[in-house]
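Trainee: What follows is each chain in one-letter form.
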Amino acid sequence: KAGVTQTPRYLIKTRGQQVTLSCSPISGHRSVSWYQQTPGQGLQFLFEYFSETQRNKGNFPGRFSGRQFSNSRSEMNVSTLELGDSALYLCASSGWDRGSWEQYFGPGTRLTVT
Amino acid sequence: AQKITQTQPGMFVQEKEAVTLDCTYDTSDPSYGLFWYKQPSSGEMIFLIYQGSYDQQNATEGRYSLNFQKARKSANLVISASQLGDSAMYFCAMRVKTSYDKVIFGPGTSLSVIP
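Protein sequences appear in the order of chains A and B. For the first sequence, my numbering assigns the number 1 to the initial residue and increments by one for each residue that follows. For the second sequence, my numbering assigns the number 115 to the initial residue and increments by one for each residue that follows.
Note that these hints are calculated values from the structure, not bench results. Everything hinted at is true.
Partial chain A-side listing against chain B, Cβ under 7 Å, derived: (1) Gly42; (2) Leu43; (3) Leu88; (4) Phe105; (5) Gly108.
Given the structure is predicted, the values throughout are model-derived calculations rather than measurements. By construction, the Cβ of each residue, glycine as well, lies at the ideal position given by its N, Cα and C atoms.
Please model the complete structure; the sequences and the hints are all you need to start from.
Mentor: Here it is in structure tokens:
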């Protein structure tokens with residue numbers, strides 16, 4: 001089956017701008033989670049969407065938001081970018097397959113804020 | 115509170131040797147799942163192996179096996195016959211049933227395979 005796709009792969013923005021990242025999950029998976037990875041903080045959970053509803057949210061400011069569409073594709077938006085938002089943003093697609101829960105990650109979007 | 119601990123920031127192993135990466139976890143939920151992911155320098159997180167809390171046998175996937183000791187709350191990853199391509203960061207992670215699909219990650223262990 002096709003893997004998780006994320007676009008764009010690389011992005012350079014300036015402080016104060018906003019950015020939208022996209023994630024398409026594995027076919028059949030209804031849950032999409034977003035993570036931020038930085039050298040200093042490691043992998044941190046942002047939020048999780050299931051059937052177009054946010055079910056779970058990490059400890060991030062309101063500048064970070066997301067949504068999920070009826071086809072399970074998800075977008076993440078960061079407004080008023082700060083230098084500290086520079087990170088690798090990973091999207092994970094999860095669901096049940098033959099009785100086992102599985103989670104697969106996309107290749108990530110590397111965001112640089114200057 | 116749920117937590118994953120990986121006490122080895124960096125590890126070295128000779129090519130073709132076996133290596134064990136440590137992971138301990140903390141949760142009060144009886145139902146949970148433990149994962150190991152590999153992250154090479156490219157950044158992509160690659161799923162390696164999964165162990166459910168009610169699974170009776172240790173999980174194995176090719177050269178990867180998970181040494182699950184429930185009473186000690188440990189889920190160590192064993193890589194047999196290391197290859198140069200195994201050099202990467204390795205993350206232990208946990209999903210608890212009450213947290214929907216939120217997965218908690220450990221800080222990771224950097225593995226370097228020496229020729």
